[in-house]
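Chemist: Sequence:
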Amino acid sequence: MNRKILFTDLDGTLLDSGKSITPANLDAIDRMIRQGHKFVIATGRPMQSAIQISRRYGWTGEGYYIASYNGGLIYDCNEDKALVRFPVKMEYVRHILDEAKAAGIHAHTYDDVNVVSEKDTPELQLYCNGIMVPPVVVDDVTTYLKDEPIKVVAISRGAHAVLDGFRSRLAPYCEGKLTTVFSNPMLLEFENPRSTKGGAVTYMCSHFNIPISDSIAVGDEENDISMISAAGTGVAMANATNEVKAIADYITEHDNDHDGISEIINKFIL
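In our numbering, the protein residues as written are 3 to 272.
Treat the hints as calculated values from the structure; they're not laboratory data. Just so it is clear, the structure is predicted and the values come from calculations on it, not from any experiment. The beta-carbon is built from N, C-alpha and C at its ideal position, and this holds for glycine as well. Some clues are possibly wrong.
Using C-beta positions, here's what the derived DEER-type ranges look like [said to hold, decoys possible]: (1) A105 with Y205: 33 to 39 Å; (2) P174 with P213: 35 to 41 Å; (3) H209 with E101: 32 to 38 Å; (4) A173 with T62: 46 to 52 Å; (5) L128 with S208: 35 to 41 Å; (6) K91 with I253: 17 to 23 Å; (7) G160 with L85: 33 to 39 Å; (8) D142 with R5: 18 to 24 Å; (9) K21 with D142: 40 to 46 Å; (10) R36 with D114: 28 to 34 Å; (11) G167 with K91: 21 to 27 Å; (12) F210 with K269: 20 to 26 Å; (13) L128 with R5: 22 to 28 Å.
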């Protein structure tokens with residue numbers, strides 16, 4: 003039996019609309035781990051949020067991993083240690099925050115345990131409540147942070163076009179310095195060019211000597227495209243965007259509320 007490795011997004015993929023994991027999905031994940039396969043949460047969320055989920059479901063042993071910040075920080079749940087980290091230079095953080103402020107757009111970054119912002123906004127509170135990570139409001143992010151952060155996030159509630167325009171205006175500055183990706187229509191992320199979910203697929207397969215052909219990646223949004231393209235089998239959820247479905251090898255029959263992950267595990271791994 004070939005060892006296989008599954009990379010799954012959280013929101014809109016592994017998590018249902020109530021931000022829980024269905025019993026059928028939990029059972030399928032448990033069975034694949036017991037057979038010696040590997041399971042990777044690949045999410046745009048910060049590490050602290052992803053770790054909370056992994057611990058809630060007892061995913062702390064051999065075979066469980068997290069690629070948080072869209073692959074910017076890869077973590078071994080069993081060893082409780084980071085395997086690789088790709089930060090954003092502080093000067094880039096400062097520039098994005100200043101540009102967002104000038105445009106009237108909320109933006110924030112992260113330390114090891116908190117969301118860090120220079121202003122308390124409704125967008126900040128909504129985001130932090132959703133990922134269950136506390137916010138810290140400081141005068142100057144760049145002097146507060148001890149280490150360079152993994153990413154910067156810009157949020158515009160109910161106005162995707164605003165963020166899309168912001169992305170376009172910053173494209174010349176970001177070229178060669180930062181990549182930009184939407185994890186949902188209202189959430190634009192600025193990251194180290196090496197921070198991609200696709201990069202996480204390549205790194206993990208190499209690290210564990212697993213052929214790319216034995217990797218499966220599943221997601222539903224733009225930030226999942228790189229890993230769906232990189233994996234041996236790229237899967238789009240039934241509830242995925244049309245852009246994601248267009249590049250997938252397989253589209254699930256069931257969505258994130260109806261055991262889509264169980265479908266994938268039973269079809270491609272067990």
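Chemist: Each hint needs a verdict: does it hold in this structure or not?
Modeler: Hint-by-hint comparison with the structure:
The hinted range of 33 to 39 Å is satisfied by A105 and Y205, whose Cβ atoms lie roughly 34 Å apart. Distance hint check for P174 and P213: the Cβ-Cβ separation is about 39 Å, which falls inside the suggested range of 35 to 41 Å. A hinted range of 32 to 38 Å holds for the C-beta pair H209 and E101, which are about 36 Å apart. With their beta carbons about 41 Å apart, A173 and T62 fall outside the hinted range of 46 to 52 Å.
Range check, L128 to S208: about 38 Å between beta-carbon atoms, so the 35 to 41 Å window is met. Look at K91 against I253: about 38 Å separates their beta carbons, and that is not inside 17 to 23 Å. Evaluation of the 33 to 39 Å hint for G160 and L85 yields a pass: the beta carbon distance comes to about 37 Å. As the Cβ distance of D142 to R5 is approximately 47 Å, the hint placing it in 18 to 24 Å is violated.
At roughly 33 Å, the beta carbons of K21 and D142 sit outside the given window of 40 to 46 Å. The hinted window of 28 to 34 Å between R36 and D114 holds, with their beta carbons roughly 32 Å apart. Checking the proposed 21 to 27 Å range against G167 and K91 shows it holds: the Cβ atoms sit about 24 Å from each other. Here the CB-CB span from F210 to K269 is close to 22 Å, well matched to the stated 20 to 26 Å.
For L128 paired with R5, a C-beta distance near 40 Å fails the hint of 22 to 28 Å.
The structure fails hints 4, 6, 8, 9 and 13 (numbered hints given earlier, in ascending order).
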